[in-house]
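Chains as they are written, first to last, in the numbering used here: chain A, 1 to 379; chain B, 380 to 856; chain C, 857 to 1106.
It is worth saying that the hints were derived from the structure and are not from the lab. Heads up, the beta-carbon is just placed ideally off N, CA and C, and yes, glycines get one too. Only true hints are included.
Where chain A lies over chain B, by a calculated footprint (3+ residues, C-beta under 8 Å):
no., stretch
1, 767-779
2, 783-794
3, 797-805
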Amino acid sequence: MKLVDINFEEFKEQKALLQKLKSMGLPTPKTEHYRYFGIKPILDKEYALTMPKTQKPEEANHIEIEDGSVVKAPKSLYIEMQKNIKIDDSHYDQIYYLNHLLSERVIHIECEEDMDLKIVHKHTLSKALVPYRIKLTIAAGKRVNFYEEHLVLAQDALYLYGYDIDLQENASLKLVQNRISNLDEFALIAPHSVQCNKKSNFALFTFDFGSAKTLHNYHIVLQEEATTDANHVIFGSSSGRMGNTFHIENRGKESKTTQLSRNILKDKARGIFDGLLIVKNPAKYSSIYQDSKTILLNDGAFMVSKPQMEIYTEYISEATHGSATGHIDEEALFYLRQRGIEESLAKEMMVVSFLNEIFEKLGDEEIKEEFIKLYEERQ
Amino acid sequence: MGMEKVDKIINSDYELGFEIDIEEETAPPGLTEDTIKFISAKKNEPDWMLELRLKAFHAWQKMEEPKWAKVTYPPIDYQAISYWAAPKKGSKSLDEVDPEILKAYEKLGIPLEEQKALAGVAVDAVLDSVSVKTTFVEELNKLGIIFCSISEAIRDYPDLVKKYMFSVVPMTDNFFAALNSAVFSDGTFVYIPKGVKCPMELSTYFRINAQNTGQFERTLIIADEGSYVSYNEGCSAPSRDENQLHAAVVELIAHKDAHINYSTIQNWYPGDIEGNGGIYNFVTKRGLCEGENSKITWTQVETGSVITWKYPSCILKGDNSVGEFYSVAITRLAQQADTGTKMIHIGKNTKSLIISKGISAQKGQNSYRGLVKIHESAKGAKNFSECDSLLIGDNCGAHTFPYLESKCASAQVEHEATTSKISEEQLFYLRQRGISEEDAVSMIVHGFCKDVLNKLPMEFAVEAKALLDLTLEGSVG
Amino acid sequence: MKKVMQIINLHAKIGEKEILKGIDLDMFEGKVHAIMGPNGAGKSTLSKTIVGHPDVEVTEGDIIYKGKSIIDMEPEERALEGIFMSFQHPVEIPGVNNAYFLRTALNAKRKHLGLKPLNAAEFLKLLKSKIKELGMKEEMIHRSLNEGFSGGEKKLNEILQMEILEPDFVILDEIDSGLDIDALKKVSEAINNMRDSKRTFMIITHYRKILDYIEPDFVHVLKNGKVLKTGGIEIVDALEKEGYKIFGDA
Chain A
1 MKLVDINFEE FKEQKALLQK LKSMGLPTPK TEHYRYFGIK PILDKEYALT
51 MPKTQKPEEA NHIEIEDGSV VKAPKSLYIE MQKNIKIDDS HYDQIYYLNH
101 LLSERVIHIE CEEDMDLKIV HKHTLSKALV PYRIKLTIAA GKRVNFYEEH
151 LVLAQDALYL YGYDIDLQEN ASLKLVQNRI SNLDEFALIA PHSVQCNKKS
201 NFALFTFDFG SAKTLHNYHI VLQEEATTDA NHVIFGSSSG RMGNTFHIEN
251 RGKESKTTQL SRNILKDKAR GIFDGLLIVK NPAKYSSIYQ DSKTILLNDG
301 AFMVSKPQME IYTEYISEAT HGSATGHIDE EALFYLRQRG IEESLAKEMM
351 VVSFLNEIFE KLGDEEIKEE FIKLYEERQ
Chain B
380 MGMEKVDKII NSDYELGFEI DIEEETAPPG LTEDTIKFIS AKKNEPDWML
430 ELRLKAFHAW QKMEEPKWAK VTYPPIDYQA ISYWAAPKKG SKSLDEVDPE
480 ILKAYEKLGI PLEEQKALAG VAVDAVLDSV SVKTTFVEEL NKLGIIFCSI
530 SEAIRDYPDL VKKYMFSVVP MTDNFFAALN SAVFSDGTFV YIPKGVKCPM
580 ELSTYFRINA QNTGQFERTL IIADEGSYVS YNEGCSAPSR DENQLHAAVV
630 ELIAHKDAHI NYSTIQNWYP GDIEGNGGIY NFVTKRGLCE GENSKITWTQ
680 VETGSVITWK YPSCILKGDN SVGEFYSVAI TRLAQQADTG TKMIHIGKNT
730 KSLIISKGIS AQKGQNSYRG LVKIHESAKG AKNFSECDSL LIGDNCGAHT
780 FPYLESKCAS AQVEHEATTS KISEEQLFYL RQRGISEEDA VSMIVHGFCK
830 DVLNKLPMEF AVEAKALLDL TLEGSVG
Chain C
857 MKKVMQIINL HAKIGEKEIL KGIDLDMFEG KVHAIMGPNG AGKSTLSKTI
907 VGHPDVEVTE GDIIYKGKSI IDMEPEERAL EGIFMSFQHP VEIPGVNNAY
957 FLRTALNAKR KHLGLKPLNA AEFLKLLKSK IKELGMKEEM IHRSLNEGFS
1007 GGEKKLNEIL QMEILEPDFV ILDEIDSGLD IDALKKVSEA INNMRDSKRT
1057 FMIITHYRKI LDYIEPDFVH VLKNGKVLKT GGIEIVDALE KEGYKIFGDA
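One chain only, chain A, in its complex shape:
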């Protein structure tokens, strides 16, 4: 079946969702957050809709989700397949509602304690359309590190997944999304919704390396004194098309959003950074900051940067954004070469140093190594 041909009548029972989706309609190439992604071929493509099966997970140290089914999980963790979860009623992405419509049961992970968790997504079904959703609840005052990896084997497939994250008061979540895929014909659309309650902290690190077609659409809402610190690295090559779009709404007073994006693009790859930061009128004394930088390694690589702000109160502590797209600093490159470093290595050093701000903030050498390996492979 094609996404455009979905018979919504089948979902009559889920009235609210259906209504929402109908009022928004399916995305078109003109839909703002799909504008640069190329949604049309995906909507028109024939996929075999494959709903995840419910099965008893094997015991393991980490969570593994294969084609939408939880196949492995730590015993101590509370995971449930839940129906009728509360959904975000103001998400800007229509696929969020479609994804929920197609995912009757949601994988609900509840974190009642401080913990470090790893989740591996395996995408194995070629020519399939696989929808699933994960709800993640972090209990009040708890701190959770959540590390996500994707293993992509599916050719010519479309996966829809995403998180509904509920950060309760004072909770902290560090979510690291390591999304490497070198399959050109793999597509993934992931609408996420994050509710940051009072005084909660959300740190997000996303790494998109490779040549797939992926788009992550984050709707993040911050209540009083909540903070979001979002960091993104894209390294796209071949005909990859990778993007992150955001509506980050500062709704409560003294909330704070910072966002860094660093992109390296090569071949015919396209990178999309589309971040709308909103400060609502009650969010007095909030601050927002956004910075996007890109290096194009060759002509024809394409970066679209849309750092955007909507501000509805005069009482704003900081509202700044910047964006720069350019190339490797020739002077610095020459300096390194004059010191005897060969050009390709010098370039690599420059590229790595360009990303270092985010690598260092994360404090994870492994991802940096992965990047370097991939960068070298792609030379």
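We have chain A already, so just place chains B and C on it with the hints.
Same frame as chain A, now just chains B and C:
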């Protein structure tokens, strides 16, 4: 800051809201092929022009009004608008212009008698659908400069019009451009021959007077190789409770080594604090830097209109060509502005600079929307944008929507934006030196806009500064 | 001695925090009053209160200046009455020309005094002579207010404004901070030149150094929102040796 006071500063009146008491001939409301034939006949146009208009009209009928801008307004009934209004009396000779019109323009600060005119400024005065007077025509003709109404140009210089009209803004470019292409009434035509530096500021003053009427002017400026021209437009309208539509198209062509400076002081009636009345200003302005080393500079001071939808743009086709956009946009009352620019880099080493200053007060919503697009061919291209917003009061909004696209590794695109309120510390510093709060606010706002105001030709900078003060008066709050 | 300012049982807070807790202080025409005290004593809050900074809320007490209570007056009214404060951190105002700003301020004052405004040429002449006296660079006339000025240039610019506006009551809030010894001398000399039998100075400082150049008539020690001790220059010597603790707690 003491918000009550600031409020006082911005609540000034619209001083240009008077009505000119003359007899006008207006077409009945509605838009059909017959309306277009009527307009074309009124203007004694050649057949080829009518055909083009009808082509545009048919295309427009199939188009949809754009909805992506951050403005909201009730649906426009295009059949309720009259597309033609002209003073009954009047032709191009000064003796025949209705004295009421002369008086009105004088009241607007635009004397049409050449001896009274501002030194070094030639004016084309457009009232509703027609050009009522163009000054200094003979003097300019001596240099080979053509400065006339677009209606005259269609009759007298058909080859130039045929070659250039629709070449930068195609008739089906967008909904409002297509509408304009079908019904445009008058506007200004300028041709500067090779190597000529136009010695005067050329200027058009647009005035909407008739009720229920839209104004659809079209301006075409061609700067041939090595020439230079500085052109300015101003505008105003009576204060009325109904909304009036203004959908203009401006096309600029700069050939090799030519430079066009285009300044706008937009002061259409802004409506009231509840959003009643005011002009809907949907304008397509675009310049083509066709030749090498050509340059187009847009400068705008936008204080009027209840809705503004306007993106003066540059297509930088010639190698080393330069596009600049300087903008001050103030939204107060219930005004909404979605304005910015597009800089399309095609040629090598092309450069663009965007300086945008948005000021929001009362219930105003001010959006900067800009596109910088670097084509793969634009080796060594450079863009820099700076978009700052100032919020005065807690019920307004300031929004920044840049679109930055680059496909060229040797190009550089840089964008910076900041939104803030008037700093308490700055305000206090000035007040501690004995400067009143009103003057202090005005001083800070002028400072905020300085980089843009400095780009206006002197004669107009004075006007713009006065307008800024008038607009701010009573809005701070 | 004529009292020019009388501060009576002044209590004031910034936000929720009470900082001034009952200040009593008399200041006299033509005299130099030095205000010293440890960090957080309330020195800067006191000067902010005198000039009417919006952050400060007076909760009790009064300030009588030239026989009138000023605590309900707008900052610009107080300025026009002759109160001038040299800011610890002069703000930068982009796009606002230095000379234009200062002429506006001077003409506001002249208007208040019933004098004719100075035109641009007259003003420029005055400004240039003062700039020369202070050894400042003339190009500062064309720059934006305090923008891109070094710390020393900013302080000198405050002094320049003082000279042009000729106030009666001058508050110098840590004018010496961030100045090297040459700049300090220059600033002190300018201040000494401004001293006369009518003009009162209130010098807020942490350091003795400036008081070697500008000899105070009175020294007041502030601590914990109150005046702990009033006396002459001998207090400074005691402070130098023993620190603020010798005066005990308020």
